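Peer 1: Single-letter residue listing:
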Amino acid sequence: MSEQFEPVIVGFLCNWCSYRAADLAGTARIHYAPNMRPIRVMCSGRVDPQFVLKALRDGADGVLIAGCHPGECHYVSGNIKALRRFILLKAMLRQLGVEEDRVQLLWASASEGIFLAERVDKMTEQIRALGPLNWNESVLGGNGHHVAVPVPEEV
Amino acid sequence: MSEEKIGVYICHCGTNIAKVVDVEDVAEWAGNQPNVEVSREYKFMCSSLGQDLIEEDIKEKGLTRIVVSSCSPHMHEKTFRTACERGGLNPFLVEMANIREHNSWTTDDKVAATQKAKALTNAAIERVVHHQPLEQLPVEINPNTLVVGGGIAGITAALELANGGRHVYLVEREPSIGGHMAQLDKTFPTLDCSACILTPKMVDVGQHPNITLLTWSEVEKVDGFIGNFTVNIRKKARYVNEEHCTGCGICIEKCPFNVVDDIFEAGMGDRKVIYRPFPQAVPKYPVIDKENCVYFQKGKCKACEKFCPTEPNSIEFDQEDEILTVDVGNIILATGFQLFDSTNIPQYGYGRLQNVFTGIEFERMVNASGPTDGKIVLRDKKTAPKSVAIIHCVGSRDENYHKYCSKICCMYSLKFAHLVHERIPDAEVYNCYIDMRTPGKGYEEFYNRLLEEGTHFIRGKVAEVTNAARKPEEEGKLIVQVEDTLIGRQRRVPVDMVILSPAMEAQPDSKEISQLFKMGCDFDGFFTERHPKLDPVATMTDGILIAGACQGPKDVPDSVAQGAAAAARVAGLINLGTVMMEPVRASIHQEECSGCRICNNMCPYNAIVFHADRKVSEVITALCQGCGTCVAACPSGIISGAHFTNDQLFSQIEGILWDVRPEKELVSA
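From first to last, the protein sequence lines stand for chains A and B.
If you read the first sequence in the working numbering, its first letter stands for residue 1, the second for the next number, and so on.
If you read the second sequence in the working numbering, its first letter stands for residue 156, the second for the next number, and so on.
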């Protein structure tokens with residue numbers, strides 16, 4: 001890999017719109033930054049704010065949440081629930097000093113492969129400019145033990 | 156550490172993955188990950204040999220979990236689930252990592268792609284440990300079907316299902332079914348009279364006891380899933396009572412006002428304000444064009460009502476739009492196409508030079524029931540042209556407009572040439588084409604026939620159509636400026652009439668339609684099929700099928716074939732009676748629920764009930780659609796979303812960050 005900083009972005013993509021937009025971008029051979037690593041969820045409404053915190057704590061430099069456009073959610077209104085949680089989460093992240101561009105929410109329909117690819121490129125550039133997040137150092141001042149909440153074992 | 160034994164399979168997909176991702180490296184690396192019992196790479200995992208690998212490994216090595224790193228799960232998840240099942244494993248114990256659509260096809264950077272492939276594969280490895288065996292849920296299929304669009308594809312689909320004894324709702328936004336085919340005079344290459352072959356089918360639709368025909372109607376809202384869709388249809392006010400009207404047409408005759416018919420006659424002819432698009436329209440009931448009706452605009456006239464002979468009177472000026480709600484199991488979209496607007500290419504002069512016509516205008520002109528009674532004449536409506544130039548590829552195969560080949564234009568341009576020869580035997584006809592594309596039964600033979608009929612073929616893309624004469628013989632003519640690439644020189648061809656052959660393009664509102672029905676459309680606006688080769692009539696959304704030119708440019712036989720194919724697919728599902736649904740459903744751990752009721756209002760399907768006596772909430776599985784919004788909202792974290800549990804997703808997040816994750820000791824300290 002080249003010398004420049006390559007951010008790692010975790011992408012939570014909804015099964016019906018944005019995961020398919022990413023599929024379409026691939027099928028159409030649209031080249032974009034390989035920095036976004038997608039995780040499929042059925043709906044952006046499934047994205048628990050803890051997922052975002054978990055990703056940032058575990059080394060991601062940014063998190064992308066993508067869902068269907070408002071009014072087009074496969075599950076009627078899950079994306080609106082995602083939006084509400086996103087606003088609250090952003091308020092919290094702001095207090096922790098996490099920069100605005102690191103966690104983004106966007107709407108991409110199944111036909112918007114190019115749009116999704118462009119947004120991933122843009123986000124990669126934005127986070128590259130910010131540099132690594134380094135949660136343990138920058139957010140918790142090096143006291144990594146605070147974040148040591150183990151993943152709950154299966155019930 | 157878990158007791159699970161995971162098999163990891165990295166697919167080359169020929170070279171689709173392997174040319175960018177170092178598959179050997181990924182497979183070797185995966186083999187060293189915790190719980191991984193066996194790791195292999197193979198040319199095509201979806202082939203039967205690839206699937207056999209999985210099946211045999213399950214049996215011989217006692218694998219309990221499977222990870223396949225290959226294409227999108229939307230492509231082959233079912234394939235690998237079935238392979239697991241054959242090997243004796245529950246199909247939900249497999250997880251796919253999408254290293255093709257989301258990785259190898261999106262970059263040339265081999266190092267980054269290999270790293271990303273490892274991340275996605277590792278995410279699947281760590282996730283799959285937490286998978287639980289699940290059983291699919293059977294869902295009953297409502298035997299009724301909605302067909303949207305009453306062109307030849309929709310008509311065919313509706314008739315196939317109705318003839319098989321199934322009920323169909325056929326929705327058409329225009330006042331009559333028939334679509335573009337009803338506008339045509341002849342169909343290539345057989346030169347069948349279009350109306351003669353189409354109208355019997357339209358009549359069948361109109362009279363079929365199993366078809367509810369809803370013209371002048373549009374779908375407004377679609378809810379539900381395969382097997383159980385609820386659809387709201389707006390039946391626009393016709394201002395004519397369909398029960399009383401006999402279709403006698405006296406109102407049309409007596410209506411004193413004419414307007415230009417931009418739709419059916421493509422602006423070439425007039426229609427009355429109360430009208431049927433064409434005499435053989437189905438249904439036969441007319442429609443009042445409210446925008447142009449003098450009664451609606453100025454409050455006076457009512458000629459139609461005055462002369463209506465039915466008892467009670469069929470004209471109802473106070474009719475209002477109706478919203479109908481229908482329940483259907485499947486939906487076939489056959490919403491068709493529109494023609495490229497030729498004014499977008501000003502150098503061809505359409506709209507500026509009066510004797511430049513579009514293909515559809517010419518179709519109406521040569522139609523015996525059209526505005527000129529089938530006579531080919533210039534805009535003055537009397538002079539027959541002595542020379543005609545037909546320009547292919549208007550708006551298609553053009554970087555500035557549509558890159559795609561519109562497929563039917565060569566053939567209909569040849570048909571135009573033939574019709575000119577037939578109606579005006581001494582006329583000279585010039586076809587200016589880029590390449591002559593005539594693939595189809597009897598199509599090349601039709602081209603040969605035109606060569607013998609004396610058409611002049613000029614291979615070259617037309618630069619310009621102008622009326623600026625340079626020589627005396629060009630005076631008063633349209634001059635087609637074209638490079639004849641076969642003789643290698645520029646030509647100026649003076650003609651009386653120019654016909655443009657515009658491309659088929661997606662309906663202007665195809666994107667909205669695709670969003671309404673929650674399926675995809677491509678960059679050109681054509682609907683996206685489930686698989687371009689092997690599943691051209693299904694979409695990524697179960698229960699929504701596509702047929703005809705809404706999927707891509709298509710001629711009549713292809714549209715008919717797709718309409719019938721979509722109907723056959725639906726008929727098969729109805730015969731089965733049930734479809735197996737993903738068991739992705741939420742459930743609330745009853746002992747731990749605090750009864751806070753936060754989840755109750757989250758659910759868009761009202762699938763969560765609160766038991767006041769026990770003070771706990773419960774998910775009604777039959778209503779739950781599995782979005783997981785309640786799972787994310789539960790403050791106690793005790794709602795479990797099957798196949799997307801917190802454990803599974805947290806592990807997937809950890810796994811996907813394998814290379815950047817802080818030291819394990821720190822995290823688990």
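Just to be clear, a hint being listed does not mean it is correct.
[Said to hold, decoys possible] Here are the computed distance ranges between Cβ atoms for each label pair:
| hint | chain 1 | residue 1 | chain 2 | residue 2 | range |
| --- | --- | --- | --- | --- | --- |
| 1 | A | 126 | B | 738 | 20 to 30 Å |
| 2 | B | 666 | A | 96 | 37 to 47 Å |
| 3 | B | 766 | A | 97 | 55 to 65 Å |
| 4 | B | 666 | A | 29 | 43 to 53 Å |
| 5 | B | 452 | A | 69 | 35 to 45 Å |
| 6 | B | 375 | A | 97 | 27 to 37 Å |
| 7 | B | 217 | A | 29 | 34 to 44 Å |
| 8 | B | 346 | A | 29 | 40 to 50 Å |
| 9 | B | 645 | A | 126 | 45 to 55 Å |
| 10 | A | 96 | B | 560 | 38 to 48 Å |
| 11 | A | 87 | B | 359 | 53 to 63 Å |
| 12 | B | 645 | A | 100 | 38 to 48 Å |
| 13 | B | 764 | A | 69 | 29 to 39 Å |
| 14 | B | 199 | A | 137 | 15 to 25 Å |
Quick caveat, the hints were computed from the structure, so don't treat them as lab data.
On a predicted model such as this, the values are computed, not experimentally measured, just so you know.
Even glycine gets a Cβ: it sits at the ideal position worked out from N, Cα and C.
Peer 1: A separate judgement is required for each hint: does it hold in the structure or not?
Peer 2: Hints, verified against the model:
1. At about 39 Å, the beta-carbon gap between residue 126 of chain A and residue 738 of chain B misses the expected band of 20 to 30 Å.
2. In this structure the hint that residue 666 of chain B and residue 96 of chain A lie 37 to 47 Å apart at CB holds, the actual value being about 39 Å.
3. In this structure, residue 766 of chain B and residue 97 of chain A break the distance hint of 55 to 65 Å, their C-beta atoms being roughly 44 Å apart.
4. The supplied range of 43 to 53 Å is broken by residue 666 of chain B and residue 29 of chain A, whose beta-carbon atoms lie about 22 Å from each other.
5. Take residue 452 of chain B and residue 69 of chain A: their Cβ atoms lie about 38 Å apart, and the range 35 to 45 Å holds.
6. Remark: the range hint 27 to 37 Å for residue 375 of chain B to residue 97 of chain A is contradicted by a beta-carbon distance near 47 Å.
7. Residue 217 of chain B and residue 29 of chain A have their C-beta atoms about 40 Å apart, which keeps the hinted 34 to 44 Å range intact.
8. Taking 40 to 50 Å as the suggested C-beta distance range, the pair residue 346 of chain B and residue 29 of chain A conforms, at roughly 42 Å.
9. With their beta carbons about 52 Å apart, residue 645 of chain B and residue 126 of chain A fall inside the hinted range of 45 to 55 Å.
10. Against the hinted window of 38 to 48 Å, the Cβ-Cβ separation of residue 96 of chain A and residue 560 of chain B comes to about 55 Å, which falls outside the hint.
11. At about 56 Å, the CB distance of residue 87 of chain A to residue 359 of chain B agrees with the hint of 53 to 63 Å.
12. Roughly 59 Å separates the CB atoms of residue 645 of chain B and residue 100 of chain A, a value that falls outside the hinted 38 to 48 Å.
13. Taken as a hint, the range 29 to 39 Å holds for the pair residue 764 of chain B and residue 69 of chain A, whose Cβ atoms sit roughly 31 Å apart.
14. Judged by the Cβ atoms, the range 15 to 25 Å given for residue 199 of chain B and residue 137 of chain A is violated: they are separated by roughly 46 Å.
Going down the numbered hints, you'll see the structure goes against 1, 3, 4, 6, 10, 12 and 14, while the others check out.
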